[in-house]
Amino acid sequence: MFYVDLAVSGVVFGCMYALMAVGLTLVYGLLRILHIAHAAVFALGAYVTVLVANVSGSILLGFVAAIAVTPLCGIAIYRILYQPLLHYRPDVPMIASIGLLVFMQDGFRILFGEQGVTFVKNPLAIESVDVAGITLTFAQLAVLVVTLLIFVALHLFTTRTRIGVAWRATVSNPSMAASFGVDAIRVRYLNFGIGSALAGVAGGLIALLNNFVDPTIGYVVSYKALAIIVLGGLGSVRGTLVASLFLALVESYGTIFIGSYLNRDAIAFLALILVLMARPQGFTGVRTA
Amino acid sequence: MSAYTISLLSIVGINVMLAVSLNIISGFCGQISLGHGAFYGAGAYSAALVAVTTRNLPLALIAGALVGSMLGLIVGFASLRVRSDFLAVTTIGINFLFTGFVRKQGWLGGEMGISSIPPSGLGGTGNMVMIELFAAGTIAFSLYVNASWMGFAFRAVAEDEDAAATLAVNAVSYKLVAFALGTAFAGLAGALYAYFTQFINVDAFDFITSVMLMAMVVIGGIGSTFGVAIAAVALTLLPETFRFINEYRLLVFGGLLVLFISLAPGGLASLFHGTRARLRR
Numbered sequence: 043m044f045y046v047d048l049a050v051s052g053v054v055f056g057c058m059y060a061l062m063a064v065g066l067t068l069v070y071g072l073l074r075i076l077h078i079a080h081a082a083v084f085a086l087g088a089y090v091t092v093l094v095a096n097v098s099g100s101i102l103l104g105f106v107a108a109i110a111v112t113p114l115c116g117i118a119i120y121r122i123l124y125q126p127l128l129h130y131r132p133d134v135p136m137i138a139s140i141g142l143l144v145f146m147q148d149g150f151r152i153l154f155g156e157q158g159v160t161f162v163k164n165p166l167a168i169e170s171v172d173v174a175g176i177t178l179t180f181a182q183l184a185v186l187v188v189t190l191l192i193f194v195a196l197h198l199f200t201t202r203t204r205i206g207v208a209w210r211a212t213v214s215n216p217s218m219a220a221s222f223g224v225d226a227i228r229v230r231y232l233n234f235g236i237g238s239a240l241a242g243v244a245g246g247l248i249a250l251l252n253n254f255v256d257p258t259i260g261y262v263v264s265y266k267a268l269a270i271i272v273l274g275g276l277g278s279v280r281g282t283l284v285a286s287l288f289l290a291l292v293e294s295y296g297t298i299f300i301g302s303y304l305n306r307d308a309i310a311f312l313a314l315i316l317v318l319m320a321r322p323q324g325f326t327g328v329r330t331a
Numbered sequence: 004m005s006a007y008t009i010s011l012l013s014i015v016g017i018n019v020m021l022a023v024s025l026n027i028i029s030g031f032c033g034q035i036s037l038g039h040g041a042f043y044g045a046g047a048y049s050a051a052l053v054a055v056t057t058r059n060l061p062l063a064l065i066a067g068a069l070v071g072s073m074l075g076l077i078v079g080f081a082s083l084r085v086r087s088d089f090l091a092v093t094t095i096g097i098n099f100l101f102t103g104f105v106r107k108q109g110w111l112g113g114e115m116g117i118s119s120i121p122p123s124g125l126g127g128t129g130n131m132v133m134i135e136l137f138a139a140g141t142i143a144f145s146l147y148v149n150a151s152w153m154g155f156a157f158r159a160v161a162e163d164e165d166a167a168a169t170l171a172v173n174a175v176s177y178k179l180v181a182f183a184l185g186t187a188f189a190g191l192a193g194a195l196y197a198y199f200t201q202f203i204n205v206d207a208f209d210f211i212t213s214v215m216l217m218a219m220v221v222i223g224g225i226g227s228t229f230g231v232a233i234a235a236v237a238l239t240l241l242p243e244t245f246r247f248i249n250e251y252r253l254l255v256f257g258g259l260l261v262l263f264i265s266l267a268p269g270g271l272a273s274l275f276h277g278t279r280a281r282l283r284r
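Protein chains in written order, with our numbering: chain A, 43 to 331; chain B, 4 to 284.
What the hints contain is simulated information worked out from the structure, not anything from laboratory work.
Ideal placement from N, C-alpha and C gives every residue a C-beta, glycine not left out.
Possibly wrong hints are sitting among the right ones.
From the derived model, a few chain B residues whose C-beta atoms are all more than 10 angstroms from chain A [stated by the list, open to error]:
| id | residue |
| --- | --- |
| 1 | 87 |
| 2 | 88 |
| 3 | 91 |
| 4 | 93 |
| 5 | 95 |
| 6 | 97 |
| 7 | 126 |
| 8 | 129 |
| 9 | 146 |
| 10 | 210 |
| 11 | 220 |
| 12 | 244 |
| 13 | 256 |
| 14 | 269 |
Below, a list of computed lysine to any residue pairs in the SDA-like style, where the Cα atoms sit at most 20 angstroms apart [to be verified]:
| id | chain 1 | residue 1 | chain 2 | residue 2 |
| --- | --- | --- | --- | --- |
| 15 | B | 107 | A | 152 |
| 16 | B | 107 | A | 306 |
| 17 | B | 107 | A | 168 |
| 18 | B | 107 | A | 305 |
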């Protein structure tokens, strides 16, 4: 039973990782930028969810607010910060992105306090339900269901709608897509909008899960999500999902078996390095090196 | 000179060594590394161990440079497998692996670190002079490399590996050399740091440190030795000058970083030379 519990918590973590990382994957696939400030958008989503939920008394309304605010933030980051830097070496926008993350994280600390904020009322984190003999809190269940819904929706959107197909076309060949009349700028806005909204949802969910948001919440995302998108093959949504679950399960079991030699982050990155040495293109990427 | 000035200048010297040596790997040879802190730390820890057991300064410095360089060579081999952003994240991994490993090792002091490192015997001022001399040496070496045939080969690898191969530039060996050289200086800086503080803790060599060093390279202007050295001095002293706004230190720092890169994406070097066009991809 112990190993099953580890698997369950691993899968829940994996779903969180997937939601955090998928926006990063979308941005990378289109613009080849390591968008580290994505972690700040994620933190923004977490704060907005908690604060709006506390004011309005409805957790659902908190999520709606997060989904409304984070895309605006993401698009503003693209428009103001990245667009002028696209012609420079990728380390230049990356360092700018890190600067923004530091700025926003400290901004959250100053605005909302060192201790962070908590839900006034969050029954979902405490009450639990039995599913096939496995005990899950409602918050964990919500994470699993929401992740599943989002990835199915994302799949349908990119395969069944006109704008979704245009998006995929732009990712795989920007100039060809443009010659077929796809507006590349609109696709970029869409890209940042959807990616940031997903980060916002992920932020809200992690707040729900921990019942708690503090200014350092984005820190883990900033490097763990990078590991995930690289492991998934950079730019592949499916690869990101696989890599998230893989890494979370490795962490879950790894901390039990080799936790006395390496900590959680080190285990994750050891797995990453070993996989990359065997498959330098990640799980699903196209081999270039 | 007050003790405060001496310690500040020592840290400046160490950071100049680190940033300039990272610039050899990332600037000259184009291999993005976000794990420079690991080599710095490996140098510091090995120097500390040697210093504690033998109390021999030159031996400890050599040990630091050697171990840093050996670890760098291993990562250099990894850089042959993975490219660009894959490499960047692999090097982040090296950094987390290093800190995560050291934290769990009793013989390295674990979370507590290594204390009671014997003094160098040069005194505070002597120590500082030694550090500045090594920093000047690192700058001189970097300028020499840049002007040499090797510097040309590095630039060729950075621009386009496949094109470099057609010019009979062996990208594999130059990448390895860049990593081995750059990380040797990082290890040496670590050894100097161990003697400077006489107490080391793994927190000083974490991912944040590596990011700061990369920020120095980008702000200085990728590939410019003087630009990077000046940026290292500025970014080390800047947080000190912010002490009066202690509460908002990180906010101001992050904001300035964003602002500077938005206004001068080519770094300090481009402000001086207008070499912006050269730095474009």
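Hint check:
1. Distance to chain A contradicts residue 87 (chain B) as a non-interface residue, since its nearest Cβ pair spans about 7 angstroms, not more than 10 angstroms.
2. With a minimum CB-CB distance of about 6 angstroms to chain A, residue 88 (chain B) fails to clear the 10 angstroms threshold, and the non-interface call is violated.
3. At roughly 7 angstroms, the least C-beta separation between residue 91 (chain B) and chain A is not larger than 10 angstroms, which violates its mark as non-interface.
4. With a closest Cβ-Cβ approach of about 6 angstroms to chain A, residue 93 (chain B) is found to fall inside the 10 angstroms limit, against its non-interface label.
5. Here residue 95 (chain B) does not stay apart from chain A, with its beta-carbon only about 6 angstroms from theirs, under the 10 angstroms limit.
6. Remark: the non-interface label on residue 97 (chain B) conflicts with the geometry, its nearest Cβ contact in chain A lying 7 angstroms away (cut-off 10 angstroms).
7. Interface exclusion of residue 126 (chain B) from chain A stands, the closest Cβ pair being 37 angstroms apart, more than 10 angstroms.
8. For residue 129 (chain B), the requirement that its beta carbon stay farther than 10 angstroms from each beta carbon of chain A is met, with the minimum near 36 angstroms.
9. With a least CB separation of 22 angstroms from chain A, residue 146 (chain B) remains clear of the 10 angstroms interface cut-off, as annotated.
10. Once the 10 angstroms rule is applied to beta carbons, residue 210 (chain B) is inconsistent with being away from chain A; the minimum gap is 6 angstroms.
11. For residue 220 (chain B), the condition that its CB be more than 10 angstroms from all CB atoms of chain A is violated, with the nearest at approximately 8 angstroms.
12. For residue 244 (chain B), the condition that its CB be more than 10 angstroms from all CB atoms of chain A holds, with the nearest at approximately 17 angstroms.
13. For residue 256 (chain B), the non-interface assignment is contradicted: its Cβ lies about 6 angstroms from the closest Cβ of chain A, within the 10 angstroms cut-off.
14. Not every Cβ of chain A is farther than 10 angstroms from the Cβ of residue 269 (chain B); the closest lies at roughly 7 angstroms, contradicting the non-interface assignment.
15. Between the alpha carbons of residue 107 (chain B) and residue 152 (chain A) the distance comes to roughly 34 angstroms, so the proposed pair goes past 20 angstroms and is violated.
16. This hinted pair checks out: residue 107 (chain B) and residue 306 (chain A) have alpha carbons roughly 11 angstroms apart, not beyond 20 angstroms.
17. Distance restraint check for residue 107 (chain B) and residue 168 (chain A): the Cα-Cα separation of roughly 33 angstroms exceeds the 20 angstroms cut-off, and the hinted pair is therefore not satisfied.
18. Using a Cα cut-off of 20 angstroms, the hinted pair residue 107 (chain B) and residue 305 (chain A) holds, with the two alpha carbons roughly 7 angstroms apart.
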